[in-house]
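Trainee: Taken in sequence, the protein lines are chains R and C.
Residue numbering for the first sequence follows the working numbering, beginning at 1 and increasing consecutively.
Residue numbering for the second sequence follows the working numbering, beginning at 1 and increasing consecutively.
Treat the hints with care, as some may be off.
[Unchecked claim] Result set (DSBU-like, lysine-lysine): computed pairs, CA atoms no more than 35 Å apart in a straight line:
hint, chain 1, residue 1, chain 2, residue 2
1, C, K260, R, K306
2, R, K122, R, K291
3, C, K91, C, K32
4, R, K6, C, K33
5, C, K32, C, K209
6, R, K197, R, K6
7, C, K32, R, K306
8, C, K160, C, K33
9, R, K103, R, K220
10, C, K91, R, K122
11, C, K158, R, K306
12, R, K306, C, K91
13, R, K103, C, K160
14, C, K160, R, K122
15, R, K114, C, K158
16, R, K291, C, K91
17, R, K103, C, K260
18, R, K159, R, K220
19, R, K197, R, K220
20, C, K91, R, K6
21, R, K103, C, K91
22, C, K260, C, K32
23, C, K160, C, K32
24, C, K260, C, K160
[What the hints assert, rightly or not] According to the in silico footprint, chain R covers these stretches of chain C (three or more CB under 8 Å from chain R):
hint, segment
25, 31 to 38
26, 42 to 49
27, 206 to 219
[Stated by the list, open to error] Example chain C residues on the side facing chain R (calculated, C-beta under 7 Å, incomplete):
hint, residue
28, S128
29, G234
30, P241
31, T244
32, H258
33, N263
34, A266
35, S267
I should point out that these hints are in silico values taken from the structure, not numbers from a laboratory.
These figures come from a predicted structure and were not determined experimentally.
A virtual CB, placed ideally from N, CA and C, is assigned to each residue, including glycine.
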Amino acid sequence: MNFAIKVLTSIRFAVATIGVIILVSVVGTLYPGGDIVFGSPLFLALIGILAISTALCSLTRIVPLWRDVRRPQVEVSDHFIQALPYAVHLSGVTLTQVRDSLKGYVIRETRTGKTTFFLAQKGRVGRFGPHIAHFGVLILLLGVAIGAAYGNVNPYNNKIAVIQEGGSQQVDGFALRLDDFNISYYNNGAVRDYTAKVTVLDGNLIQTYNVTVNGPLTHKGLTFYLYGYGVTQSGNAWVAFQIKSTSGLPFVWVGAAVALVGIMLSLYVPHKRIWIKESDQSTQLGAISNKSSARFFREVEGVRTKLESHAHRVDGTTGSEEI
Amino acid sequence: MDTVALEHLGFEIALGTYLISSILFILYFSIKKRRLAEMGFTLALFGFAFQTLALASRWLYAGYPPWVSTYEVMSFFAWAVMGAYVILNVKSDYKSAGVLIAPLAFVLLGFASMQPTNPAPLIPALQSVWIFIHVPIIILAYCAFVIAFVASLLYLFKDKQLTEARMTEGLNRQRDVASKDNTPPSRMPVEAGILANFSLEQLDDLAYKSVAVGFPLLTIGIITGAIWAESAWGSYWSWDPIETWALITWFVFLIYLHAKTQNWSASLAAYIAAFGFISAICTFLGVGYVLPFLQTYISVSTGLHGYAGGGAISGTVLFCGILVAVLLLLLATRKKPPNATRAPPAQTDAESGPTP
């Protein structure tokens, strides 16, 4: 059991699963009719394993991450600061000055004896980006599952309703009447659009809509798509509507949106941290970011040079170090 | 001159200049005269300007943005790739990337030139606001993947060169020690060579940043495509080949991003990015399968994803073949004779002024 958890929570396993899904998908596109593979138990099992792995990866990591971000280690050793990718000794600069020149950082400070520990953080939400993305994908998959399950239950899902002009069709407690069907053309004779004017008759509710190729009609969890048309022998137009259940759809769209937000957060919001340890002897500063380090280090370097040159001007030792 | 003639003129000039630019860059990689790269870049700029003119003219007379028909999409893709290449060279010097960019733009324009060019009125299924959003977003995503691909290939190429140079230098030093020769050790040619303007770290960073732009764009592209499909024929996902390949591409770059956060080796990441791009190209050109599929699926709204027309399958195979061949060529063991490193840093590699 422990072994299973260990495997399922490993990123290597998740990546390997994605690799297998890629291979199966490639095979599915290689020959005509190969898309049958996407409904196969094998493929569903792979997606299921990936979903479980995704969920477990996030679940096991989010608690330590939350702890690390909410209650970070402020009191750190000299060795810790010196081991950070950006580490300097500040001369003639006080902690207060640094604090005042850092904009938009969340700051924690503690004192032990004569030593002050300081931690400034920015972009903590970026660390949660991957987990938000994972959560979004899981919501999306839930929506897909609901849609698939409900599709078998709702008798109208995937059915085609053929209605003659002037006629109507009873669907799931309400009726759909076709009032008019129109085809508009471009000057060169090509079809511009098909428009079916329909009326929904649902008890006291009587409402008219125009259904077009890109503009379906949704009523009571069922969506009607323009599917086909023709003319009867008596010269009457008929229109075929494909009926689809909308169940699960909100989950799919919300899941996709959440995943997108998570992806953007993880790619575009770097988690920046600056530790300072101020004691009688020295002031040390160390900085680290989980991405785009170069720009962040330039930012910190800018703050430092500005403060130090200011300090030197006040001391009357302008530029002596630089030359 | 009317806009139609202007479009054709701009297109032809761009096609010609991209070809000459490709030849110059390939020559540059074989004889390493810096001037050839400068000329190749200037020509590419020239072609880009004319292609901009061509696309703008077409937009004017067709009355809709130039990314609907096969001809337009291919041409727009070539333009966007060139645009990304130009932007890349504003602040840094990645002119050498032209050795891959210029031929790619030329091949895309070449494919475009084989397609019917007359603007057709939009068929009902394509009359959706999503066509103006979904298509350019996807193309910009692929554009970012092109840059990631180029950066990754240059990374692998440079990495290999550096390794070989270190090996030969080690050999030379051993020989120098053996003969008690006091001459200074031979200089590495790589730092003065065609890939000298950027470091491995820069290339790795460029590839990552390109994927960081391309991946969210591809995500948005897939989502907008699903919304469009849902509103057009009531199925947000139907595993048609282009949807499947878009998802495959998404998965490959998902692996890339996980490899990056896990600090797996940079060359492994470079290989993944390269394969992601090949998958993107398969998505882009693999549409030939889709049209017949859609025609049987729905009667009124044929033509979504139909931009590559019916005859693109052989093109896809050909193009993927070329790409795989390029990859293999660059990565296959192409050992240089050790004495090649004895040459002093070439004077010709010094920065020359802008080409008139």
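Trainee: Each of the hints needs a verdict: does it hold here or not?
Mentor: To see whether the hints hold, each was checked on the structure:
1. Proximity of K260(C) to K306(R) is assessed by CA-CA distance (about 34 Å); at most 35 Å being required, the pair is judged to hold.
2. Our distance criterion of 35 Å between C-alpha atoms is met by K122(R) and K291(R), whose separation comes to about 12 Å.
3. Note on K91(C) and K32(C): the hinted pairing holds, with a Cα-Cα distance of about 23 Å set against a maximum of 35 Å.
4. Only pairs whose Cα atoms come within 35 Å are accepted, and K6(R) paired with K33(C) is rejected, the gap being roughly 55 Å.
5. Between the alpha carbons of K32(C) and K209(C) the distance comes to roughly 28 Å, so the proposed pair stays at or under 35 Å and holds.
6. For a cut-off of 35 Å, the pair hint linking K197(R) to K6(R) is broken: about 58 Å separates their Cα positions.
7. Between K32(C) and K306(R) the CA atoms are separated by roughly 44 Å; this puts the pair beyond 35 Å, and the hint is violated.
8. The suggested pairing of K160(C) with K33(C) holds, with an alpha-carbon distance near 21 Å, which does not exceed 35 Å.
9. In summary, the hint linking K103(R) to K220(R) is not supported, as the alpha carbons are separated by about 51 Å, beyond the 35 Å threshold.
10. The straight-line distance between the Cα atoms of K91(C) and K122(R) is roughly 28 Å, inside the 35 Å bound, and the hint therefore holds.
11. Proposed proximity of K158(C) and K306(R) is contradicted: the alpha carbons are some 38 Å apart, above 35 Å.
12. Restraint check for K306(R) and K91(C): satisfied, since their Cα atoms lie roughly 26 Å apart, inside the 35 Å limit.
13. Distance check on the hinted pair: K103(R) and K160(C) sit about 44 Å apart at the alpha-carbon level, beyond 35 Å; violated.
14. Restraint check for K160(C) and K122(R): not satisfied, since their Cα atoms lie roughly 39 Å apart, outside the 35 Å limit.
15. Straight-line distance between C-alpha atoms of K114(R) and K158(C) comes to about 52 Å, which puts the hinted pair past the 35 Å bound.
16. Simply put, K291(R) and K91(C) have alpha-carbon atoms about 21 Å apart, close enough for the 35 Å limit, and the pair holds.
17. The suggested pairing of K103(R) with K260(C) holds, with an alpha-carbon distance near 29 Å, which does not exceed 35 Å.
18. At most 35 Å may separate the alpha-carbon atoms for a hinted pair to count; K159(R) and K220(R) meet this at roughly 16 Å.
19. The hinted pair formed by K197(R) and K220(R) meets the criterion: a straight-line CA distance of about 18 Å does not exceed 35 Å.
20. Straight-line distance between C-alpha atoms of K91(C) and K6(R) comes to about 46 Å, which puts the hinted pair past the 35 Å bound.
21. This hinted pair checks out: K103(R) and K91(C) have alpha carbons roughly 28 Å apart, not beyond 35 Å.
22. Restraint check for K260(C) and K32(C): satisfied, since their Cα atoms lie roughly 33 Å apart, inside the 35 Å limit.
23. A threshold of 35 Å between alpha carbons decides the hint, and for K160(C) with K32(C) the separation of about 18 Å falls inside it, so the pair holds.
24. Taken as a hint, the K260(C) and K160(C) pair is honoured in the structure, with Cα atoms around 21 Å apart against an allowance of 35 Å.
25. Closer than 8 Å: that is the beta-carbon criterion, and the segment 31 to 38 of chain C has 0 residues meeting it against chain R, so the requirement of 3 is violated.
26. As drawn, the segment 42 to 49 of chain C meets chain R at 0 residues by the rule of a beta-carbon pair under 8 Å; below three, the given contact is violated.
27. For the segment 206 to 219 of chain C, the stated coverage by chain R holds: 4 residues have a C-beta nearer than 8 Å to a C-beta of that chain, and at least 3 were required.
28. At about 4 Å, the closest approach between the beta carbon of S128(C) and any beta carbon in chain R falls short of 7 Å, and the interface hint on this residue holds.
29. With 7 Å as the threshold, the beta carbon of G234(C) comes within range of chain R, its nearest partner Cβ sitting at about 4 Å, so the hint holds.
30. The closest approach between the C-beta of P241(C) and any C-beta of chain R is roughly 5 Å, which is under the 7 Å cut-off, so the hint is satisfied.
31. Below 7 Å, beta-carbon pairs count as interface contacts, and T244(C) has one with chain R at about 5 Å; its hint therefore holds.
32. The interface hint given for H258(C) is met, as the beta carbon of that residue sits about 6 Å from the closest beta carbon of chain R, less than 7 Å.
33. At a threshold of 7 Å, the smallest CB-CB gap from N263(C) to chain R is about 11 Å, leaving the interface hint violated.
34. Because the beta carbon of A266(C) sits about 14 Å from the nearest beta carbon in chain R, more than 7 Å, this interface hint is broken.
35. Given hint, S267(C) at the interface with chain R, is violated; its Cβ is 17 Å from that chain's nearest Cβ, farther than 7 Å.
Checked against the numbered hints above, the structure violates hints 4, 6, 7, 9, 11, 13, 14, 15, 20, 25, 26, 33, 34, 35; every other hint is satisfied.
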